[in-house]
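Protein sequence lines, in the order shown, are assigned to chains A and B. The working numbering applies: residue 1 is where the first sequence begins, and numbers increase by one. The working numbering applies: residue 1 is where the second sequence begins, and numbers increase by one.
The hints are simulated quantities; they were obtained by calculation from the structure and are not laboratory data. Heads up, a few of these hints could be off.
[Said to hold, decoys possible] Only pairs whose alpha carbons sit at most 25 Å apart, straight line, appear in this in silico SDA-like list of lysine to any residue:
(1) A:140 - A:81
(2) B:47 - A:99
(3) B:30 - A:134
(4) B:111 - A:144
(5) A:140 - B:47
(6) B:254 - B:286
(7) B:254 - B:174
(8) B:36 - B:52
(9) B:47 - B:111
(10) B:36 - A:89
(11) A:140 - B:73
(12) B:30 - A:157
(13) B:30 - B:75
(14) B:175 - B:229
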Amino acid sequence: MSLPGSIRRGAIVLGLAFALITPSLCADNQPGVTVANSEVGPRTLEPLTRTAVIRDYLAAWQSLSQAFDRDNSSQLSAAFIGIALNKLSGTIAEQEKLGLRTHYQDLTHHIRLTFYSPEGLSIQLLDNVEYDLQLFDHDKLQATHHVQAQYVAVLTPTEVRWKVRVLQATPE
Amino acid sequence: MRRGLPSLLILLAALATLASAQTPSFDWPKHVTAGKEFSVETTGNGKAVLYIIGVGQVVGREVTLGGRIVIAADELHNAGHYTAILAGNASEPVDFDVLPQAPESLSFLAKPSRVAVGLHDGISGVAYVFDSFQNLVLAPTDVSFQLSVGGAVQRTISAVTRDGVAWVRLDSAPKAGAAQFDAHVDGIVERRIVQQVPGDPCSVHMSARKAGELIEVETDPLRDCKGNAVPDGTIVTFTERNDGAESTVDAPLKRGIARAELPEHDGAVISVATGVVLGNEIRWRQ
């Protein structure tokens, strides 16, 4: 079975991109990542755009983890914008007020891009993510819990990168 | 020995019952609605700290075991996945989801803001549906997109959201003017204005007349192929060729007409063009 040229080229570029990313993902504390080779539309998603979106989305989880772990919402603005930035910053403010810290260690991401808007100003993905959650109350570990959840994320392009505008878990 | 065994079993059963009664636990719902009050029955006794942890919100407070924990309206208003933890006891953390409320607002993006008339799939609209707490409403929701010009509806398309988003592509209307592009959900309307401008001229025709020592050339009013007047400022080029020499004048449209003056040469050929549209030719005879 032969694939159309554009799909084959796209698969090669995506494969190369992830071959470059994979060594860092396999390092300690880096999540395992798979990206479904699904059709995205209505706008055609170029392989380089796809790679950039995935890279920036995964970086957003790292920013989230660090910001929640340190109760430092300023670390969010590099990766989040709009509603997501407001909500996550609000949660960190609540944590700080209560003397809590949470540590999110994302373990795996199974990502499927689902929508790329006609004018190219938003892209949506679904992520089946597994992470370990640790809760600290005044630096005392209260609980460790393994979580499996599906998140929907909407990203929008900014000057230099894609930023997460909506990050919300979908019900089971 | 035979009498002692039943007594021992009864004692063990009583201890197990007592232990079970004192081990705190709660019966947490799997789903709750954002911003709605709900309550949870607990067993056990004494005090414990309840944590509700998610990236959307964090709650932490002391609760009394053996009674009902009430989570007040608005205490949990951000939709998402949460973990409820009763600290300091053996009960397992419980995962649950906070679901969005009904649609309350739309994030509607219409592009472009200016488009040529009669363009196939020339206008796109994308609507993200949110509840009153800015939670993305993930349940399939009907969105109606409507394009109107001058109060007359040109086109209505319905779409169902998928993971909170619906989109359409529409042809621009044949008539120039400001079009209202609306997205409707359950009585919520978001409006954007799309300026529909005439397309390229459909044809160009000029006439010429003597004006002293010069030739004055003038186009008929320029219109696009839908009959809309081409906007003023559009450049029309007049070219005069005579004995291998060529002179060119660019003139902007004013009130739909372009005018220019060219030197008078007997036998000169004058042509007119605008954009990719070529007009008529005139051979000038004195």
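Against the structure, the hints:
A C-alpha spacing of about 31 Å is found between residue 140 of chain A and residue 81 of chain A, which places the hinted pair above 25 Å, so the restraint is violated. The straight-line distance between the Cα atoms of residue 47 of chain B and residue 99 of chain A is roughly 19 Å, inside the 25 Å bound, and the hint therefore holds. For the given pair, residue 30 of chain B sits about 21 Å from residue 134 of chain A by alpha-carbon distance, which is consistent with the 25 Å threshold. Simply put, residue 111 of chain B and residue 144 of chain A have alpha-carbon atoms about 47 Å apart, too far for the 25 Å limit, and the pair is violated.
Distance check on the hinted pair: residue 140 of chain A and residue 47 of chain B sit about 18 Å apart at the alpha-carbon level, within 25 Å; holds. Proposed proximity of residue 254 of chain B and residue 286 of chain B is contradicted: the alpha carbons are some 28 Å apart, above 25 Å. For the hint linking residue 254 of chain B to residue 174 of chain B, the alpha-carbon distance of about 23 Å falls within 25 Å, and the restraint holds. For the proposed pair residue 36 of chain B and residue 52 of chain B, the alpha carbon gap of about 15 Å is at most 25 Å, so the pair holds.
With a CA separation close to 57 Å, the supplied pair residue 47 of chain B and residue 111 of chain B exceeds the 25 Å bound. The hinted pair formed by residue 36 of chain B and residue 89 of chain A meets the criterion: a straight-line CA distance of about 22 Å does not exceed 25 Å. Using a Cα cut-off of 25 Å, the hinted pair residue 140 of chain A and residue 73 of chain B is violated, with the two alpha carbons roughly 30 Å apart. Of the supplied pair hints, the one linking residue 30 of chain B and residue 157 of chain A is violated, its CA atoms being roughly 35 Å apart against a limit of 25 Å.
Distance check on the hinted pair: residue 30 of chain B and residue 75 of chain B sit about 17 Å apart at the alpha-carbon level, within 25 Å; holds. Straight-line distance between C-alpha atoms of residue 175 of chain B and residue 229 of chain B comes to about 10 Å, which keeps the hinted pair within the 25 Å bound.
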